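Throw the hints in and build the complete structure from the sequences for me.
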Amino acid sequence: MESGPDVRVERLTRYIFSAPSWPRSLALIAVLGFIIDAATFRAGPDFFLLGTLGFSVPAVVAFLLTVPLVRASGRLITWNRSALLALACTVLSVILSLSPVLTFGRGIFPALYAVALGLTSGLRLLVLVAVADYRVTRMVLPAFLQGAAGIAVGAWFFTPGFVPYALLLQVVFGLVIVFLIWLIERPLRRAFQISGLNFLNTFIAHLTDGSKRMEDFFREIGEEVYVPQVSLFFSRSSGKDALFTVPNVHPGPMGDVGGGNLPRILHDRFSEETLVAHGCATHDFNLVSESEIEKIARAVAASRKELTFSGTASRPVRVGSGSVSILCQRFGDALLMVSTRSPERTEDLDYSIGLAIMGEGRCAFSEVAFVDAHNCMTSVGSPVLPATRVATEYIAAAREGFRVVRDLPEEPFAVGVSHVRVPFSREQGFGSLGVQVLATEVGGVRAAYVLIDGNNMAPGVRERLLSVALNHADEAEIMTTDTHTVNTVSGKNPVGYRVPAEEIVPYVEQAVGEAVADLSAARVGATTASCEGIVVFGSQRVSQLASTVNAMLAFIAPISFMILLLAFLLSVFVYIALQ
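Counting from 1, position 235 in the sequence shown corresponds to residue 235 in the numbering used here; the numbering is continuous, with no gaps.
Honestly, the hints are just simulated from the structure, not real lab data.
Any given hint could turn out to be false.
What the hints assert, rightly or not - As a list, the in silico DSSO-like pairs of lysine-lysine whose alpha-carbon atoms are at most 27 Å apart: (1) Lys-240 <-> Lys-295; (2) Lys-240 <-> Lys-305; (3) Lys-305 <-> Lys-295.
All values derive from a computational prediction rather than experimental measurement.
Here you go:
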């Protein structure tokens, strides 16, 4: 299967890592200095404390001053990252300064040391504009710290000519890195009119302190869409009323950014016990900011004015075509359909597929609430796209559902709801809503619609939990909300991946049992809200963005090497000319 945008985004995560604690990095800097001191002890007084003064001290100075200087610009870099950057530049300086001395003699050391300081400042500038503040002018001073301290030490160790030569190399390598930054920025500026390094700044800020500044970028590249949202309002004779709603936007991209927490926010906006299922939408339909959820909530609330309640429903029935299975149940003139392909991969459905099914169903029903159960993640792959074999199976199964349910008798029905919190965290694959269940009973036949606040399920977990639900009901389906609060970097953190299914079973059993015990006579009102002017990422934007970034990463390494090699050779020529 061809790789989709989710896979390309997933591949980018291999470049993400956590910096070690700053005491560990500082300890390595100190040890490295002592080792060099010991190795140069026999070289005479000219190299006395070379390791400590020439390498360790500049690194410590840079470590101590980088964080406050970066914070003075209004941005953030952690002490751990500052220490790691100082350590990496120290190791690079040692290798570049001392390795050639073994071959060419110590007379070349001052020139190599000056080159190393210039390269250190250049690389520090590149890293700081990437992880802290993309504005080059504000990062020049923090980037120059380690090189400046090294030049001060070199002025004491070497001849007076060292200082102007070292300062010249600071300028040379600085200009080279500025040119390299321009090259890195150009593809994203041309394609999306955004700064790639600023985007990287905000992404790291999101990982570090939960910043939502990424939403500014998403809004710049976003576009407005007009999507329907079908809702079933259940009014009960006793107990809390219920709302089952199906947004056709995507609860992503990550964490609390954009629409990542869509299910929880919509749940909290209504007085009913609200189940927010997963409709037909891919990452192209990620909301650009949390504020867009308010538009959806207002549209759903406004649709209440059109409600006409009915006290009848059909018994649940399951239909299928190929790999697709759909649990169908009629409520008044509306139809609820919950689809799955488990144990085959059940992932996002393209919006157009859902729209086609809903449009065709409107010939027989007033409203069609079509749910992607999103309950089997065999891999992080591409969504189901129109005109594919799987898309055809979904449409064929839906048509079968329309035919079968249309002829089923309608009877009075009862509804029960439950909401059980779970002790599992986002890191373990669970959003804050836990487990919700909508139970129905028509003519003595019960159905349980189980909704878990998570992003998909590990293979086999749906079947295990389904068997538990069927202990209390005649028909059931297990769904996930597809919340992306459980994903901060990787898109793979399904329910049952970190927490074994057997540990989830008690909470699902409790929720289904409570919903069945809560059954009471009910009426239903169905409506389709027109969610207008919702700003989402836009068609193919995620794919384009991921492709552009991956292409950038492919050419950055060789180009950087060639540019830095050219700068190094230029430094050598300058040194020879000054002799």
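Structure-inconsistent hints, enumerated in ascending order:
No hint contradicted; all consistent.
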